[in-house]
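There are 2 protein chains.
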Amino acid sequence: MTILLRRLVLSSRPIGVRLYGSKVDKVEAVVYSSYGAPSQVLKWHSYGLPALTRDTVHVKFLASPINPADVNQIQGAYPIKPPFVALGNEDNFSTDGGDNDKVVKAAVGGNEGVAEVIAVGDAVSGLKKGDRVIMAKTGHGTWRTYAAGPPEDFQVVPNATSVSLIQQATISVNPCTAYRMLKDFIPPQQGKCDYVIQNGANSAVGQAVIQIAKAWGLKTINVVRNRYIIAIIAILRQELTALGATHVITDDQLGSFETKSLVKSWVGKNRLLLGLNCVGGKSATEMARYLSANGKLVTYGAMARAPLTLPASMLIFKNISFYGFWVSKWAETHSKEERSEMLADLVQLMAAKQLKEPRWTAVEWNEKAVKEAVENGIQGYGKGKQIVLFDKAQ
Amino acid sequence: MTILLRRLVLSSRPIGVRLYGSKVDKVEAVVYSSYGAPSQVLKWHSYGLPALTRDTVHVKFLASPINPADVNQIQGAYPIKPPFVALGNEDNFSTDGGDNDKVVKAAVGGNEGVAEVIAVGDAVSGLKKGDRVIMAKTGHGTWRTYAAGPPEDFQVVPNATSVSLIQQATISVNPCTAYRMLKDFIPPQQGKCDYVIQNGANSAVGQAVIQIAKAWGLKTINVVRNRYIIAIIAILRQELTALGATHVITDDQLGSFETKSLVKSWVGKNRLLLGLNCVGGKSATEMARYLSANGKLVTYGAMARAPLTLPASMLIFKNISFYGFWVSKWAETHSKEERSEMLADLVQLMAAKQLKEPRWTAVEWNEKAVKEAVENGIQGYGKGKQIVLFDKAQ
Numbered sequence: 001m002t003i004l005l006r007r008l009v010l011s012s013r014p015i016g017v018r019l020y021g022s023k024v025d026k027v028e029a030v031v032y033s034s035y036g037a038p039s040q041v042l043k044w045h046s047y048g049l050p051a052l053t054r055d056t057v058h059v060k061f062l063a064s065p066i067n068p069a070d071v072n073q074i075q076g077a078y079p080i081k082p083p084f085v086a087l088g089n090e091d092n093f094s095t096d097g098g099d100n101d102k103v104v105k106a107a108v109g110g111n112e113g114v115a116e117v118i119a120v121g122d123a124v125s126g127l128k129k130g131d132r133v134i135m136a137k138t139g140h141g142t143w144r145t146y147a148a149g150p151p152e153d154f155q156v157v158p159n160a161t162s163v164s165l166i167q168q169a170t171i172s173v174n175p176c177t178a179y180r181m182l183k184d185f186i187p188p189q190q191g192k193c194d195y196v197i198q199n200g201a202n203s204a205v206g207q208a209v210i211q212i213a214k215a216w217g218l219k220t221i222n223v224v225r226n227r228y229i230i231a232i233i234a235i236l237r238q239e240l241t242a243l244g245a246t247h248v249i250t251d252d253q254l255g256s257f258e259t260k261s262l263v264k265s266w267v268g269k270n271r272l273l274l275g276l277n278c279v280g281g282k283s284a285t286e287m288a289r290y291l292s293a294n295g296k297l298v299t300y301g302a303m304a305r306a307p308l309t310l311p312a313s314m315l316i317f318k319n320i321s322f323y324g325f326w327v328s329k330w331a332e333t334h335s336k337e338e339r340s341e342m343l344a345d346l347v348q349l350m351a352a353k354q355l356k357e358p359r360w361t362a363v364e365w366n367e368k369a370v371k372e373a374v375e376n377g378i379q380g381y382g383k384g385k386q387i388v389l390f391d392k393a394q
Numbered sequence: 001m002t003i004l005l006r007r008l009v010l011s012s013r014p015i016g017v018r019l020y021g022s023k024v025d026k027v028e029a030v031v032y033s034s035y036g037a038p039s040q041v042l043k044w045h046s047y048g049l050p051a052l053t054r055d056t057v058h059v060k061f062l063a064s065p066i067n068p069a070d071v072n073q074i075q076g077a078y079p080i081k082p083p084f085v086a087l088g089n090e091d092n093f094s095t096d097g098g099d100n101d102k103v104v105k106a107a108v109g110g111n112e113g114v115a116e117v118i119a120v121g122d123a124v125s126g127l128k129k130g131d132r133v134i135m136a137k138t139g140h141g142t143w144r145t146y147a148a149g150p151p152e153d154f155q156v157v158p159n160a161t162s163v164s165l166i167q168q169a170t171i172s173v174n175p176c177t178a179y180r181m182l183k184d185f186i187p188p189q190q191g192k193c194d195y196v197i198q199n200g201a202n203s204a205v206g207q208a209v210i211q212i213a214k215a216w217g218l219k220t221i222n223v224v225r226n227r228y229i230i231a232i233i234a235i236l237r238q239e240l241t242a243l244g245a246t247h248v249i250t251d252d253q254l255g256s257f258e259t260k261s262l263v264k265s266w267v268g269k270n271r272l273l274l275g276l277n278c279v280g281g282k283s284a285t286e287m288a289r290y291l292s293a294n295g296k297l298v299t300y301g302a303m304a305r306a307p308l309t310l311p312a313s314m315l316i317f318k319n320i321s322f323y324g325f326w327v328s329k330w331a332e333t334h335s336k337e338e339r340s341e342m343l344a345d346l347v348q349l350m351a352a353k354q355l356k357e358p359r360w361t362a363v364e365w366n367e368k369a370v371k372e373a374v375e376n377g378i379q380g381y382g383k384g385k386q387i388v389l390f391d392k393a394q
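Line order of the protein sequences matches chains A and B.
Per UniProt numbering, residue 1 is the first one in the first sequence, and the count goes up by one each step.
Per UniProt numbering, residue 1 is the first one in the second sequence, and the count goes up by one each step.
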C-alpha cells in the first residue's frame with residue numbers, strides 16, 4: 001500500500017526501481033572513508049540503492065576480485081583515488097554504525113568485477129537487461145551487491161556467457177594488460193617480432209602473456225623468481241610450459257654467461273623485440289640486455305620496488321626504448337569501441353580454451369571473509385586470485 | 001706526351017684523374033691501423049689517390065672537425081669501427097715509414113667534414129664539380145686531403161655556400177642531432193609541446209637545441225653544470241640567453257624544492273613533453289621528473305658516465321617513455337632525400353642567422369697540430385670545437 005502511494009505521489013520524480021521488476025532497495029558494500037590500513041579503515045556498509053531514472057541502469061554484481069591495486073588504493077598509495085561521496089539517496093541513507101548523526105561519505109572498495117544489468121531506464125540505449133558488464137573506468141567500486149548509474153559507467157562484455165564467471169570477473173585488468181602490451185608495442189614496421197621475454201612470468205598477467213603470445217604465434221622466454229626448493233621450480237616450469245611457455249628460466253640465472261649463450265641459441269636469427277617487466281631493479285636491466293636492437297621494454301609493475309637502471313649505451317647505440325603500461329589509463333584514453341574489440345578477442349580466446357581461467361580462490365560475501373581476504377592480499381596470497389562471489393548473499 | 005700516350009694505352013682501364021683537370025695524385029691522411037691511445041696509434045700517412053673511374057668522384061676536403069666520438073673510435077670504444085683497408089691503389093701505394101715491406105692497411109681518422117667535388121666520372125649522376133659534400137655515412141675518414149669513391153659515399157649540402165665553411169663542416173653531427181630530437185619525438189597528436197628541458201645545454205648540441213627550438217616557437221629550460229665561480233655562471237646564462245634560451249638553471253639546483261616551484265611557475269598550464277639528456281645519472285632522473293604526463297626523455301650522451309635510474313611509477317603512472325638517439329644510426333636508416341630535407345632546413349636557419357656557428361678553434365693540417373688537437377679532445381678542450389683547415393696544405 002505504502003509503495004503504491006509513493007508511486008502516485010512521486011510520479012514526477014525519478015521512477016522507482018520496483019517499476020522495472022527489480023525488487024532491490026538496499027546495497028551492501030565494503031567501503032572506506034579515509035586512507036590507511038585496510039583492517040582499520042574498511043567498513044561494511046549498507047545504503048539505499050538510488051532509484052532508477054530514465055537515464056540510469058541498475059546492475060547486480062556477480063563476482064569481484066581483490067587485486068593488489070585495490071589494497072594500495074585503500075592505503076592511499078594509488079594514483080586513482082575515488083572521491084568520498086554520499087552513497088545512495090540521502091533520503092534513505094543508512095548511517096555509519098559509529099556515528100549516527102552523519103551521512104557517510106565514502107568510496108566503495110574494489111575496481112574490477114562483473115555485474116549483470118537488472119533494470120534499464122527508458123532513455124537508456126546500448127545496455128539491456130541481462131547484459132554482463134564490467135566497469136568502464138577504474139575507481140568504480142566493485143565490492144558491493146548492486147550499483148546504479150548512467151550507462152557510461154558500464155561496458156558490455158561481448159559473448160560473456162560463453163566463458164566462465166571467473167573469466168568475466170577477471171577479464172578487465174590482467175588479460176587486457178597482457179593483450180595490449182603484446183599488441184601495441186611490437187612495431188610491425190620493423191618486421192616480425194618472433195620472441196618476447198618477460199619476468200614475473202608466473203603472475204596472472206604473465207600467464208595471460210604466455211597464452212596470448214602462443215595464440216598469436218609468438219615464442220616466449222619466461223623469467224620466474226628462483227625458489228629454494230628445486231622441485232617447485234620444476235613444477236612451475238611444467239605448469240607454464242603447459243600454458244604454452246617456450247622457455248622458462250629463473251631470475252638469478254638471468255645475468256649468467258651460460259644463460260646468455262642459451263638465450264642466444266634459442267633466439268638465433270629471430271628477433272626478440274619486446275620485454276615485459278613487472279619486477280624492476282636488476283631483473284629489468286638484465287632482461288633489457290637480451291633485447292635485439294630497436295627492442296622495447298615495457299614496465300607494468302614494480303614487484304622488487306627498485307628502480308630501473310639503464311646504461312646510456314643501451315638507449316643510444318642499441319636503440320632500446322622504455323615504456324610504461326597502465327591498463328586503467330588505457331581504458332581512460334581509448335574509446336569503448338576499441339575496448340569492446342579487445343574484450344571480444346579475449347572472450348574468443350577464452351572460449352577456444354586458448355586463455356584459461358586464472359588460479360583463484362572464492363571469498364564469501366560477508367564482512368569477516370572480505371576483510372580477511374584483503375589482509376591476505378597485502379601479505380601476498382599464494383593460492384591464486386581471491387574473488388568475492390556475491391551469489392549466496394542475494 | 002706521356003699523358004697522351006697513357007690515354008691511348010689505358011683507354012680500356014680506369015681513366016686517370018688528370019683528364020678531368022684535377023692535378024692530384026697524392027693523399028695525405030691521419031690514419032690508424034690498430035686501436036689504442038691516439039698518441040700511440042695515429043700515423044701521418046700518404047698514399048696515391050685512386051684513379052677516377054666512370055663511376056667514382058674525387059673530393060677535396062676543406063674542413064673537418066675533431067669530435068669526441070672520433071677519439072673513442074680510435075680507442076676502439078665506439079660501436080662504428082671502420083675496417084682497416086689498403087688505402088689507395090696498390091700499384092702506387094706508399095708504405096708506412098716504419099715498415100717498408102708491407103702495404104699499410106688502416107682506417108682514416110675523423111667522421112665529419114665538408115669536401116668539394118673536384119672531379120666526376122662520366123657515369124656519375126647526382127654530383128657535379130664544385131658541389132660541397134658531407135659524408136653519407138659515419139666511418140668515412142675525414143682527416144685527409146682527398147678521397148675517391150662512388151657518389152653514394154657523399155651527400156650534397158644544399159645551398160652550402162650561403163653559410164660559413166665552419167657551418168658546413170659541422171652540420172652533420174650536432175645540428176642534425178638537435179634537429180631530429182626536436183622534430184621526431186614531440187608527438188604532434190598529443191597537442192602542442194610548449195617547453196623542452198635539456199641538460200648539457202652549453203654543449204654544441206645544446207646550443208643548437210636552444211636556437212632551433214626558438215626558431216620553431218618552443219621554449220627551453222636549460223640545465224648547465226654548476227661552476228665554482230658565480231661570475232662564470234652569469235656569463236654562461238647571458239650567452240645562452242643571447243642564443244635564445246628561455247631559462248637557464250644549474251644541475252645542482254635541479255632537485256631542489258625552490259627549482260620545482262620555479263619550473264612549475266614557468267611552465268604553468270603549458271606542456272613540457274620533451275627532455276633531452278646528454279649527462280645521465282641523477283641529472284637525467286631529476287630532469288625526467290619535470291616532464292608533463294606522456295612526456296619523452298631522449299638520451300644522446302652520457303657525460304656523467306652513470307646509468308639512468310628510473311622509478312617504475314614514472315613509467316607506469318606518468319607514462320614517461322625513454323629513448324636513445326644516435327645521429328649515425330639515423331643517417332644509416334633513412335634516405336638521402338630525408339637527410340637532404342633536413343640539411344636544407346638547417347642551412348636555411350643558418351643563413352637566416354637563427355643558427356650560429358659553434359665556438360671553434362682552427363687546427364693546422366700537419367702531423368703535430370692534428371695529434372695535439374686529438375690529445376686536447378681527450379682532455380676535454382674548452383675553447384670550442386677543434387676544426388682542421390686543409391687550405392694551407394693544398
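Since the hints were made in silico from the structure, they are not lab data.
It is possible that part of the hints are untrue.
Copies of the same chain are indistinguishable here, so a pair counts whether it falls within one copy or spans any two.
What the hints assert, rightly or not - Capping the alpha-carbon separation at 27 Å, the derived lysine-lysine pairs in DSS-like fashion look like this:
{"hint": "1", "residue 1": "Lys214", "residue 2": "Lys183"}
{"hint": "2", "residue 1": "Lys81", "residue 2": "Lys269"}
{"hint": "3", "residue 1": "Lys183", "residue 2": "Lys318"}
{"hint": "4", "residue 1": "Lys137", "residue 2": "Lys269"}
{"hint": "5", "residue 1": "Lys81", "residue 2": "Lys260"}
{"hint": "6", "residue 1": "Lys383", "residue 2": "Lys43"}
{"hint": "7", "residue 1": "Lys383", "residue 2": "Lys129"}
{"hint": "8", "residue 1": "Lys356", "residue 2": "Lys282"}
Treat the numbers as computed from the prediction; the structure is a model and nothing was measured.
The hints, checked one at a time:
no. : hint            : verdict
1   : Lys214 - Lys183 : within (13 Å within a copy, 38 Å between copies)
2   : Lys81 - Lys269  : between (47 Å within a copy, 23 Å between copies)
3   : Lys183 - Lys318 : both (22 Å within a copy, 21 Å between copies)
4   : Lys137 - Lys269 : between (42 Å within a copy, 26 Å between copies)
5   : Lys81 - Lys260  : between (43 Å within a copy, 24 Å between copies)
6   : Lys383 - Lys43  : within (25 Å within a copy, 69 Å between copies)
7   : Lys383 - Lys129 : neither (35 Å within a copy, 77 Å between copies)
8   : Lys356 - Lys282 : neither (31 Å within a copy, 44 Å between copies)
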